[in-house]
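Engineer: Each chain is listed here by its residues.
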Amino acid sequence: MRDFLTLCGYEADELAAELPRISKAFSKLGINSDDIARGKQRLVAYYDMTLKGVQKLFNFFLRDLVNLTLSREEGKEKLIYGCMAPSFDIIGSMLATNSHDVYVAEPNPVFLVVFGCIFDKIVPILEAAESRWLKGGVVGHCAMVKTRLGLYVLDLIPKPDLLVTSGSLCDASPKTNDLLEEFYGIPTYCYDTSHDGQLQDHPGSARAVNLLTHGIRGLTRKLGEMVGLAISDDMLWEILRVKVVLDTALARLYGIIQGSDPLVITPSHENLFMWVKQLPLDLEGLQRMIAAVNILSDELQERVDHGIGVVEKGAPRILAILPPNHADPRLEYLANEIGLAIVATDVGEASPVPGSATEAPDDPYLAMSLFLQSSLYSHLGERLSLILGACRRLKIDGVLDHYHVGCRSVAGDAFIIRDTVQKELGIPVLLLEWENFDPRVYNHEKYKTRLEVFKSMVKEAR
Amino acid sequence: MDEESLTVHLGNRPAVLRRAKANGTKIVGYLPGNYVPEELIYASGAVPVCLIDGPNPRRADNARSVLPHIICPFARTQVEEMSLKENPYYSLLDMVIAPITCQHLKKVAEVWEHYGEVEVFKLGIPHRYDGDFEKDYFLDRLVALKDTLEALTGNRVTDEKISHSIELYNKMRDLFRDISLMRSKVSSIPTAMDFITLNHASFQADPAFMVEFLVHLLDTLKNSPNSSKGSRGPRLLLTGPNLARGDYGILKSVERTRGEIVLEEFCEGIRYYWHRIQNTGDSLSSLASGYLRDKVPCAFMRSSARKRLDFILKLIKDFNVSGVIWYELLCCETYDQESYFFEQKLKEHNIPMLIVESNYDVSSLGQLETRLEAFIEVIEGGPENA
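Sequence lines, in order, name chains A and B.
The numbers in the working numbering rise by one with no breaks, and the one at position 264 of the first sequence is 496.
The numbers in the working numbering rise by one with no breaks, and the one at position 84 of the second sequence is 143.
No lab work stands behind these hints: they were computed from the structure.
Treat the hints with caution; some may be incorrect.
[What the hints assert, rightly or not] A short, non-exhaustive set of chain B residues, derived as facing chain A with CB atoms under 8 Å: (1) 121; (2) 124; (3) 182.
[As the list claims (entries may be wrong)] Pair ranges (Cβ atoms, derived): (4) 408(B) x 333(A): 39 to 45 Å; (5) 655(A) x 233(B): 37 to 43 Å; (6) 236(B) x 624(A): 54 to 60 Å.
For every residue, glycine included, the Cβ atom is placed at its ideal position computed from N, Cα and C.
Sequences and hints are given; from them, build the entire structure.
Structural biologist: Structure (structure tokens):
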């Protein structure tokens with residue numbers, strides 16, 4: 233256990249203090265010595281655990297898992313969870329900073345990273361959900377919402393006092409919450425926008441933003457009443473200012489990775505970068521996160537300076553549509569092994585930086601709505617424009633579109649993205665029908681063959 | 060005016076629309092779901108046509124070059140119909156109104172927009188439907204729609220025109236309701252097939268003609284010697300997200316059993332007739348209220364499950380229903396989630412429910428009939444493992 237925790241960024245003095253809590257939490261969650269042994273193996277196999285920055289990033293997820301599991305019994309009076317709720321992290325961080333009786337969490341990424349990527353124990357959670365209203369099979373329910381439901385079915389996390397989601401991307405998440413309220417008595421809140429932007433409304437429509445900010449304001453009002461806190465714009469700006477620093481740090485990290493040749497870190501780490509900034513930590517936690525990202529950036533820069541990489545120099549540069557499988561690092565690791573340099577994803581790259589100083593609106597709620605301009609939340613026309621722009625900017629040789637069937641919105645774009653990229657840029661596109669949160673889709677031989685063929689096509693096209 | 064007159068009307072309809080279009084009349088299509096106020100289209104002098112055609116497995120499959128299988132077969136059929144333009148209703152369109160309801164139909168709108176096959180007006184439907192802010196959002200979009208229709212047709216859409224239009228469509232809703240309510244009594248006239256095909260006809264026929272036809276039909280049904288006949292077997296409610304024109308396999312399969320569908324409740328494909336649009340005051344505001352929040356919401360709307368269940372339970376009681384068939388298209392994620400909720404809750408009321416999924420594949424109908432027979436047996440108190 234100690235070796236494992238050290239690998240996950242716990243310092244020696246922290247271990248002494250935290251080990252009893254960690255052991256208690258692991259026991260409640262059913263994490264045993266076999267799991268820990270497997271976890272160590274997977275971490276070393278699929279991630280670069282020699283990098284201090286990577287260890288520290290994993291540490292955030294482990295800590296949050298323990299804190300979440302023990303939150304009720306350790307005296308937190310109110311538990312508030314978010315899932316698939318963009319900008320909830322900002323509100324959550326604000327609450328965590330201003331009220332110590334409240335525990336705010338995003339359980340899904342925590343379990344996907346720890347139970348999924350590290351311990352390979354996510355499947356029982358998915359199966360638990362499938363025994364209820366998110367059945368398996370052709371209907372293709374998203375395993376992100378399955379994870380959420382499965383956690384309650386298996387009683388792995390304490391029930392919250394409020395469960396927040398957004399319909400900004402899909403209807404499955406709000407519907408799941410609707411039924412969680414019916415069957416488990418969990419109060420829920422959903423904020424929405426409307427995707428009725430016409431092509432000429434790029435980069436986004438004011439009315440969609442207004443609808444969204446209306447919903448987010450409703451959320452802060454509700455949360456304020458729940459926790460007895462008068463939530464002010466200043467409280468939100470305090471977090472937004474730190475988030476800008478975090479986003480700037482992440483932008484530096486992404487810049488190093490994207491500019492590196494040879495590619496400096498395996499793309500399986502993208503999962504960590506994407507999720508870690510979603511964790512609703514208090515100000516002190518956010519500062520530690522910024523420090524961790526900067527440590528990693530410094531380590532990677534040193535590698536770049538010494539020409540150290542994880543694929544050969546001159547490897548084909550690939551843009552991935554959608555992030556890696558959030559519960560399974562194998563595909564991105566395989567792509568790396570084959571010699572493809574996945575330098576960016578459309579989610580990370582083809583998006584404005586929320587809350588960035590260059591786009592600072594006066595209203596914090598407007599700042600929190602900037603995610604609508606990102607690839608994932610844009611309508612098809614905008615999304616194509618963002619993806620083509622990213623390909624040109626990053627000098628991409630090929631596109632890997634592993635389209636998540638659980639998300640009708642993004643899956644529906646897959647064929648058109650392929651045709652448009654091929655037509656406009658003349659570069660190959662590999663389409664992989666995929667499930668972004670379910671490790672059961674992975675088929676090593678099939679993907680190896682397809683990626684190898686894709687690599688040949690990309691090299692030939694260059 | 061008899062059934063043949065409706066058949067003749069519908070048979071002639073494409074040619075009539077072609078002539079009207081040649082004379083400058085605009086043809087405006089809209090996707091189903093009962094969120095697009097036809098009244099507004101009609102008031103503008105354009106001809107409203109609901110794009111409700113399906114199933115055609117070949118069409119749905121052909122659309123897989125554009126949309127993956129995870130998009131529902133109805134949505135894929137719409138994409139292919141618009142691409143092929145062999146269907147006269149799709150080839151005549153000057154504009155399509157796409158309500159942004161579920162992710163599948165949203166994707167249809169985006170695909171049409173991308174390929175530029177038809178001008179698309181996306182009508183945003185706030186999925187939180189009960190707040191004043193959301194109603195104002197929808198009203199704002201209806202104002203924009205009105206402006207767009209005025210620009211398209213060159214006609215001013217006045218309050219008076221909208222009011223007359225509301226009156227006409229309210230009359231249609233009243234007639235459908237009165238006809239439907241006949242089935243709440245012991246008789247099953249009209250049959251489910253008849254009622255559903257009438258509904259589908261109303262989406263493509265001239266509305267004034269349709270109202271006149273329904274008036275005569277109601278009169279005929281009331282005086283029909285068969286109107287006091289009893290049901291032949293268990294009374295069933297058919298419900299789900301979408302029942303497209305031509306998607307009648309389930310109806311024919313039930314007809315071959317002892318069961319009888321006495322009522323249907325669908326988001327898309329059945330005109331919502333359980334309320335009237337208020338026709339006093341601000342007509343656009345009345346349309347916004349009537350179409351967004353004064354009706355039972357579809358499953359993709361927020362916090363809709365309980366409201367929908369309460370409505371279905373009332374229908375079950377009013378129509379003396381003893382079993383529910385939940386008919387959903389494959390990959391419809393919100394309705395599939397709700398099917399579990401409904402099944403569990405209806406069980407508490409001793410109402411058995413059968414879930415049927417369709418990909419418009421006719422080869423599965425044989426298996427369906429076996430399942431239906433077993434379901435009927437369960438309702439009649441037979442073997443429990445249906």
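Engineer: Compare the structure with each hint and give your call.
Structural biologist: Right, here's what the structure says about each hint:
1. Contact between residue 121(B) and chain A, as hinted, is not supported at the beta carbon level, the nearest pair being about 12 Å apart and thus beyond 8 Å.
2. Restraint check, residue 124(B) versus chain A: the minimum CB separation of about 7 Å is within 8 Å; hint holds.
3. Among the interface hints, the one on residue 182(B) holds; its C-beta lies about 7 Å from the nearest C-beta in chain A, closer than the 8 Å criterion.
4. The hinted range of 39 to 45 Å is satisfied by residue 408(B) and residue 333(A), whose Cβ atoms lie roughly 42 Å apart.
5. Distance hint check for residue 655(A) and residue 233(B): the Cβ-Cβ separation is about 52 Å, which falls outside the suggested range of 37 to 43 Å.
6. Between residue 236(B) and residue 624(A) the C-beta distance comes to about 58 Å, which sits within the given range of 54 to 60 Å.
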